[in-house]
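> Put chain C on the given structure of chain A with help from the hints.
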Amino acid sequence: MEINISNDYLNLIVEVAVTVYAFLLGLPALVSQILLPEDLRRMSRKNYTPSIMRSLIPMTILLLAIILLAFLANIFSEGQVLLALSAITATLFFAAMLVFTLWHTWKHLALSQGYRARIINVIQEKAIEKFQSQGILDRAFLEDLDYLGISSKPGAETRTVIEALENLLNAVNESNRVDAGNGQLMPLVDILCNAVANSVEPGSFRNMVDVLTIFKSMLMSLDSHTTQENQLIYGNETRKIKDATTRIALAALKRDYVDMMPLVLNVLTLIPRSSDKLFDIGLLALARGQFQIATSALAEIMDRDNKDYLKMNNYLGLAAHLFFAGAAARKYALHSMKSNHIAPTTEELKDAMEYHYILSNFATVDRLEEMKREMKKG
Amino acid sequence: MNGYKVLWIEDDADNDLYNLTSPVYIDGRYQLDIATNASEAHFYLNARVYDVIIVDIRIPPGKDPGWRAKHEQLRSRNEANSSRLGLELLRAIFGDGEQQPTLKIQQNLRPERYGVFTIEGHEELKPDLHQLQLARIKYRQKNAMMPHTALLDFINEVSGSVNGQSN
Chain A
1 MEINISNDYL NLIVEVAVTV YAFLLGLPAL VSQILLPEDL RRMSRKNYTP SIMRSLIPMT
61 ILLLAIILLA FLANIFSEGQ VLLALSAITA TLFFAAMLVF TLWHTWKHLA LSQGYRARII
121 NVIQEKAIEK FQSQGILDRA FLEDLDYLGI SSKPGAETRT VIEALENLLN AVNESNRVDA
181 GNGQLMPLVD ILCNAVANSV EPGSFRNMVD VLTIFKSMLM SLDSHTTQEN QLIYGNETRK
241 IKDATTRIAL AALKRDYVDM MPLVLNVLTL IPRSSDKLFD IGLLALARGQ FQIATSALAE
301 IMDRDNKDYL KMNNYLGLAA HLFFAGAAAR KYALHSMKSN HIAPTTEELK DAMEYHYILS
361 NFATVDRLEE MKREMKKG
Chain C
1 MNGYKVLWIE DDADNDLYNL TSPVYIDGRY QLDIATNASE AHFYLNARVY DVIIVDIRIP
61 PGKDPGWRAK HEQLRSRNEA NSSRLGLELL RAIFGDGEQQ PTLKIQQNLR PERYGVFTIE
121 GHEELKPDLH QLQLARIKYR QKNAMMPHTA LLDFINEVSG SVNGQSN
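Going down the list, the sequences are from chains A and C.
Residues in the first sequence are numbered from 1 upward in steps of one, following our numbering.
Residues in the second sequence are numbered from 1 upward in steps of one, following our numbering.
So that you can see chain A by itself, here it is in the shape it has in the complex (with noise of 0.2 Å):
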C-alpha cells in the first residue's frame, strides 16, 4: 500500500491542537466569569487555581508530543516511513486531545455546579496537609473557608463548608498534635457559627443543627479531657463555644426556628456558667411568647446556676420577667421559686438588680424592682 501522505497534514494537526489548547487554556476564565459566583472567583484567583490547572498537565503533554513529531517530520522530511509514523502518532495523540477537551468541557460547564464543593475540598486538603506537616491550623486557609462559609447559600452549599470543617477537626482531634485548650480549636468554632449564623443569607435549619450537635461534641470531648490539673471545660474553647451557641440560638429564634431551642439548651447544659446565655435565650423567647423555651430555660438556670459565681442573679432576672409575663407565667415564676425553695431576700434580690444593672438589662432591673414591691405586698 502505498503512503500519500505530506507535512502539511502534520503541521495541520499542530495548528488545530495549539488552537484547542488555547481553548482549553481559556475555559476556565470563560466559566468563571460566565456561571461562578463572586466568591467563588475570588478564590480562584486566589489560590486554587493551580490546582485545578493541573489537570492540564497531559494535555500539555500530548500538545508538546505533537509538535515534536512535526517538527521531527519537517526535519527527516525525506524518510517517508518516518512521516508515516509521526503522522498516525500525531493523529491518535490529536484524538486523545480532542477526547480529553470534550471530557474537560464538559467537566467545568455541566459540573460547574460542584467547583464550589471542589475548592472547598482543596483549601481543607491543603489545611490538613499543612497541619500534618507543621502543627499548625494556617489561618489563611481557616479565613478562606470563613469566607465561602459566610457567602455560601444555606443548605448544601453551607453544608459543604461543614463538611470540610467537620473533617478538619476530626484530623485534628485524630493527630493529637493540638493539644485541646491551647485555643487552636478556636476558629473552627468562629467559622462554624458564622457560616449558618452571619451568613449573607439567612442559615437553614439543619445546617444549624449539625453546627450544634458539633459543638456537643466538641464539649464532651473538652470534658471528657478535663483533669484537676487541666480544667479544659472552664477554657477558651468552651467559653467561644458557649457564645457561638448563642448567636446560633438568637438567630434561629429570630426566624422561628422555634424547634432547635432544645439542641441548644442541651448544648448550653454541658457549659459551665452559661446561666447568662440561658438568660438572654429565655428573654428572647419570652419576648417572642415561646413560653416552653422561657420556662426550659429557667428551669435549666436554676440546675445550673447554683455551680456558678453569677449565683441567682440570672434565675431571679428571668423570673421577674415571667412574673410579669401574664398570670399563668406568674403562677409558674412562683411555682419554680417555691419548688427550688427560693424565697429571696431584698439583698438577693438587690445583688440581681446590681448584676443586671452593670450588663444594661435595665428592662431586667425594672422587673426586679417591681417584683420585689409585689413580693412585698403578698
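Each hint should be verified, as a subset may be incorrect.
Unchecked claim - DSS-like, lysine-lysine: derived pairs with alpha carbons at most 27 Å apart: (1) A:K254 / A:K153; (2) C:K5 / C:K104; (3) A:K240 / C:K63; (4) A:K331 / A:K376; (5) A:K331 / C:K5; (6) A:K338 / C:K5; (7) A:K126 / C:K63; (8) A:K350 / A:K376; (9) A:K338 / A:K350; (10) A:K331 / A:K372; (11) A:K107 / A:K126; (12) A:K377 / A:K331; (13) A:K130 / C:K63; (14) A:K338 / A:K376; (15) A:K338 / A:K377.
To be verified - To spell it out: a stretch of chain C is covered by chain A in this simulated footprint if at least three of its residues, at any positions, have a beta carbon under 8 Å from a beta carbon of chain A; those stretches are: (16) 7-15; (17) 18-27.
Please keep in mind that the hints were generated in silico from the structure rather than gathered at the bench.
Quick reminder that beta carbons are idealized off the backbone N, C-alpha and C, glycines included.
This is chain C only, laid out in the frame that chain A set:
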C-alpha cells in the same frame, strides 16, 4: 436545687418529643439531661450521676467511633435491629449473663432505676430484656396517642420506686 437527676436517652428528645419535657420542667422536681444518641449517653453516664435513667431502644450511634463500629457490626448482621443501640447500651451497663458489663459508669444504679421508653412492643423486647436479666425493668410504650405528661408520669413511676432509698 431540683431533686432527682434524670437522664433521658432519646433521639427525638430535642425535636419531635420535646413537648414531653415541658411538664418535667414545669413540675420542678427533676433535673433533666438529654442524650440523643449512644455516644452522648455514654458521655453523660460517665460524667454525671443520675437517680433515674430512661432509655429509648432505637437510638443512633452518634460520633463516637466505638458506637459507630458497633452500629456497623449490627447492621452487617441484622439490618432490622441495627438501630437498637439502646439495648446495646443496657448490655454494656449490665452485661448479659455471658458477658461482663463493659461500660464503666459513674453510677451504680440498680435496674429498678432504669426505665425503657420506646416504640417497640413489650412482647417484642421481652426476649432481649430477659437475656439481659432485665425482664422486670419498667417499660412504657411511646405512641402517637400518648399524653404530654407521658414522660413525667414515667419518671414519677421509676423514681417512685426509689423514693426513700439513699442514692
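> Now tell me if each hint is right for this structure.
Hint-by-hint comparison with the structure:
no. : hint            : in the structure
1   : A:K254 / A:K153 : holds, 18 Å
2   : C:K5 / C:K104   : holds, 19 Å
3   : A:K240 / C:K63  : holds, 21 Å
4   : A:K331 / A:K376 : holds, 16 Å
5   : A:K331 / C:K5   : holds, 24 Å
6   : A:K338 / C:K5   : holds, 18 Å
7   : A:K126 / C:K63  : holds, 24 Å
8   : A:K350 / A:K376 : holds, 14 Å
9   : A:K338 / A:K350 : holds, 20 Å
10  : A:K331 / A:K372 : holds, 16 Å
11  : A:K107 / A:K126 : holds, 22 Å
12  : A:K377 / A:K331 : holds, 16 Å
13  : A:K130 / C:K63  : holds, 25 Å
14  : A:K338 / A:K376 : holds, 16 Å
15  : A:K338 / A:K377 : holds, 17 Å
16  : 7-15            : holds (count 3)
17  : 18-27           : holds (count 7)
No hint from the list above goes unmet by this structure.
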